[in-house]
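Starting from the known structure of chain A, fit chains B, C, D and E with the ligands onto it as the hints suggest.
If you're matching them up, the sequences are chains A, B, C, D and E in order.
Last residue of the first sequence: 229 (my numbering), numbering continuous.
Last residue of the second sequence: 458 (my numbering), numbering continuous.
Last residue of the third sequence: 689 (my numbering), numbering continuous.
Last residue of the fourth sequence: 920 (my numbering), numbering continuous.
Last residue of the fifth sequence: 1148 (my numbering), numbering continuous.
Since the hints were derived computationally from the structure, they do not count as laboratory data.
There could be a bad hint or two in this list.
[Claimed, not checked] Rough simulated footprint, nothing fancy, chain B against chain A, three-plus residues with beta-carbon under 8 angstroms:
1) 40-51
2) 102-116
3) 142-151
4) 162-168
5) 177-188
6) 198-208
[As the list claims (entries may be wrong)] Derived contacts from chain B toward chain C, CB cut-off under 8 angstroms, selection only:
7) Val354
8) Ile357
9) Leu373
10) His427
Each residue gets a CB set at the ideal place from its N, CA and C atoms; glycine is no exception.
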Amino acid sequence: MTLTTADMDAIWLTIKLASIVTLILLMIATPLALWLAFTRSHLRVWVSSFVALPLVLPPTVLGFYLLIGMGPEGPLGQLTQTLGIGLLPFTFAGLVIASLFYSLPFVVQPIQQAFEQVGQRPLEVAAIMGASPMKRFISVLLPLSMRGFLSAAILGFAHTVGEFGVILMIGGNIPSETRVLSIHIYDQVEMLNYAQAHSLSALLLLFSFFVLLIVYSMQPVRLTGGARA
Amino acid sequence: MTLTTADMDAIWLTIKLASIVTLILLMIATPLALWLAFTRSHLRVWVSSFVALPLVLPPTVLGFYLLIGMGPEGPLGQLTQTLGIGLLPFTFAGLVIASLFYSLPFVVQPIQQAFEQVGQRPLEVAAIMGASPMKRFISVLLPLSMRGFLSAAILGFAHTVGEFGVILMIGGNIPSETRVLSIHIYDQVEMLNYAQAHSLSALLLLFSFFVLLIVYSMQPVRLTGGARA
Amino acid sequence: MLDIDICVRQGRFQLNIQTCIADTGITAIYGPSGCGKTTLLRAIAGLMPIQTGSIQFRQVCWHGQRDSMPVHRRRLGYVFQENSLLRHLNVAQNLAFAQQRQPQLDTGYQQELIELLGLQELLKRYPTELSLGEQQRVAIACALLSKPQLLLMDEPLASLDSERKQRILQHLKHRSENFNLPILYVSHHLGEIATLADHLLIIEDGALIKQGPVNTVINAMAKPALITVED
Amino acid sequence: MLDIDICVRQGRFQLNIQTCIADTGITAIYGPSGCGKTTLLRAIAGLMPIQTGSIQFRQVCWHGQRDSMPVHRRRLGYVFQENSLLRHLNVAQNLAFAQQRQPQLDTGYQQELIELLGLQELLKRYPTELSLGEQQRVAIACALLSKPQLLLMDEPLASLDSERKQRILQHLKHRSENFNLPILYVSHHLGEIATLADHLLIIEDGALIKQGPVNTVINAMAKPALITVED
Amino acid sequence: APLRIAVASNFYPTLQTLVAEYPFPVVLSHASSGKLYAQIKQGAPFELFLSADMQKPRKLVELGLAEPSSLAIYARGQLALFAPGIERLTSLQQVFTAQQSPTIAIANPRFAPYGAAAQSFLFKHASKKSDMYKLVMAENVSQALLYVASGNADAGLVAYSQLIDKTDIPSSQFMLLPETDYPAIEQGIVILKNENTEKGKQFYRFIFSAATQSRLTKLGYLIPESSP
Ligand SMILES: Nc1ncnc2c1ncn2[C@@H]1O[C@H](COP(=O)(O)OP(=O)(O)OP(=O)(O)O)[C@@H](O)[C@H]1O
Ligand SMILES: Nc1ncnc2c1ncn2[C@@H]1O[C@H](COP(=O)(O)OP(=O)(O)OP(=O)(O)O)[C@@H](O)[C@H]1O
Ligand code: MOO
Ligand SMILES: [Mg+2]
Ligand SMILES: [Mg+2]
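Only chain A is shown next, with the shape it has when bound in the complex:
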């Protein structure tokens, strides 16, 4: 198969988008998951439900509301205009923001689950040994939750790569800016260029499979699976 410039652009854009979104998501999800895992506030249930909400909205519908929300009359749009950023739809930044909403629950859940499973004892041990809350978080909680972060990163990255409906809605299909691979392949299908669609899909699958293989292979030792744990 031959890759056209348009193909290469779409691939590169997709990798860029998914990487940036995954990174930001991990940064947002970690404190959120921390709070959800350890708080005793009754707000917990409400926040949990709220975080999971984008899940149930069909992507195109979510995209529809993001389009309105980021538009000149929408709250987000008014904010970005006041800040002098302009409007977000049809820009790469807009895709990033939309993807953050869309993939957040998939990243929060595994991290929260991992935090909950660590339990208090390792944190107590570290505190006794003189570790400040920050150090406990970095050198105890994080490494013990590696398995959860791995799941979170995989789900977040893959979900963003496979994202379609939201981007279709707010992207505007602009080459090199918002035409990611999923849209690009879809275009081929719509244009009845099935051969090109097949090739691109195969490439995407192979690449993803390869990435997943690597990530799963470097999975950390199972810290709790030992016979005596």
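The following block gives chains B, C, D and E with the ligands in isolation, referenced to the frame of chain A:
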């Protein structure tokens, strides 16, 4: 707001689809997660990667391949025809099968993570007390993994409710049979019936929020979070 | 008789034991920390992969060349050195779970053990809500209630006070004698061993170095200091 | 002086202790299983919510009406009754982690402890790859290496053999005397207490029932049987 | 069983209006023409296909999935310019004078016929170089309209049928573009080879009836010069 018959049909169809899919997914994912969590086979990495694959494919592209695979010339289509079931696309059964592929990784991951965190000791204790492998699974592993099953069920159900691209492709948008709520809302947007789209989305959100609230509230006691665990 | 002839590896540690253990009375296992006592009990229970060797209990093959009897069929009681309870069940449920081999709960004996071990107040509590000594007491009750044909105990009384310890030891001795229940009892406490055990096995560095009736072995021990220091 | 005046609740259990503990030498804490020994240590360490009361150590307020000093600032060593190690770090890394309060590793003392506790072979191993006695030894090393001003030990020697136990007890005594390090030492073993401790606290059912120099208290104990049975 | 019709999204609202007067039960499934084509190829249970273009129905005929003789143009789409921000819209140039580098929404020219028409119109009346405006492409004309309606795009080239008779869109905000300035949007119909062919033929005749064809002109379409 007033709900038309078409609205009601779509809502009912969605609830039916998501419930059936979630149930089947839990049944498929449990043995798979069990194997993934406890095997030492080097196939593990390959199977893990394979399970996660549907994630990266854009839904419409996944739908496109399912359409071909379930069609008269596709392997699945040939199978169903030989079995005398006929073809699956554009039927409710077809939606169920497609959703299974689509949502599987979201259900396998949390269950697997939960199984891994249980560790060997509780299973050893139960075996010593005379529990057969089956009993160990049912009365020890399952209850200790409840948190994971909860996450899995929420993600699976919600993801199926929010599913759009795949269903649009293989469902054919047939009222009462394959026109689920996500498609129905999108139709309203397409037909510029924004008001109706808003109402339906609000309904979906409220309903989902309510369900999530209930599910999160009945979350089991944290078995490992105790101060001395 | 419990016939053991096994070789077990764990990282760089290797356990090589070939012996016959009496299937009556209490056999104490003694040895320095890390010598392989827990590993031995786990191997007997079927919880460790055995490299080569065989285990036979009362003429029945538990582990042989070709196959291995699954753990849940071996009719064992085992008080682990730590975490012997199911953390998702409360104390009463743990006791009930331990009796699944019986057609119905042995309420008489259960009541006796609840009194002996002082569990009355604890029945509704979950393992994470118990002190360590309380957990050990519940674990002993579970092991006894499961009507085992062989009882494995890995330092079961390490966190108990002397008064209660004495009563429990008496009960174990009585139970072992009257119900034909052999007990393998790991302890670091030679005083405890002297009062309780009939036989003694001494392990060092993964190998059996001495075995016999408890008095003979203790008297013959190379370092009598061990006994006098403590008692 | 360690001034304690606290009320702690845990389910239906209540601990009410008001006392002054000497800030020199070794103070043993003794009492039946479930009486509240672990709870007391955890409260002192700042790991338990305290209902009402205060804790002062050497004139510094650790817990008062309004605020509470965070655990990591209290300069404590604590050997927990179980799971005192960080399971994602190997032994050497645990030892290093314990020394984070110091500007640099105290390799001299670390080497001394490694020999005393026999950890040489274990440095590369993870906690799950250690026997229970080995874990306890590593935990003792960590607690001592963290240069604490107060050392809390919850039955730290329960799974160790007598020979090693003696050497460790000697070291603790020496360390406490020469480095002005008070030690609170929970034990069920009156023999051990008699040789090791300077002071003794007896707790029953959440309340302090006796306190004083170790010999006075032991001699005055209502049930001398406790001592003779065991020793 | 009711008659099942696959209809291109842009014609769906129009067809719904028409079907209201059809005496027999009809089930409409709509999607983009490309999707419907793929579905029909895989055995979708439709009796009729109303596409947005001629290419896809023709291909289905070539594949032997449709009645060759039934292939015909049922309507010709008309392009409209929609720019709600401009008072008294009369030409595309107003969009450029009102704002520098305006955002213009069209359907994707690579597969949506309205998109292709819109693009060629733009190239003719504005410029090929995109520094004069920012072009955003929607999946179809409905979405292009949404881009404009939500204020994210300043103007859009959409289907005239979407705007005509819309109570909430004043006629001063859009204008019909001259038919000669873009390639004709010929929308094709075929009868699919299916058991229900008879019912399909009946509806096919209904579409080409004089009454229906004249209604189409009121709904924003041009009718084909010759009907089958
Ligand atoms: N989470 C809890 N909920 C209710 N009761 C609890 C909880 N944790 C501990 N307890 C009770 O508090 C009491 C004191 O426990 P603690 O662990 O302090 O005992 P201890 O003196 O250390 O006993 P041991 O010698 O067995 O370790 C016990 O009776 C125990 O059952
Ligand atoms: N997973 C493992 N990998 C490597 N070595 C191990 C592993 N588990 C245990 N060991 C080693 O095996 C040896 C025997 O351990 P075991 O637990 O049987 O000792 P033990 O006699 O019960 O000691 P203790 O009295 O301290 O409980 C120890 O030296 C221990 O370090
Ligand atoms: O209905 Mo179309 O194929 O988007 O112009
Ligand atoms: Mg052991
Ligand atoms: Mg305790």
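Right, here's what the structure says about each hint:
no.: 1; hint: 40-51; verdict: holds (count 6)
no.: 2; hint: 102-116; verdict: holds (count 7)
no.: 3; hint: 142-151; verdict: holds (count 3)
no.: 4; hint: 162-168; verdict: holds (count 4)
no.: 5; hint: 177-188; verdict: holds (count 5)
no.: 6; hint: 198-208; verdict: holds (count 4)
no.: 7; hint: Val354; verdict: holds, 6 angstroms
no.: 8; hint: Ile357; verdict: holds, 5 angstroms
no.: 9; hint: Leu373; verdict: holds, 5 angstroms
no.: 10; hint: His427; verdict: violated, 45 angstroms
The structure shown violates just one earlier hint, number 10.
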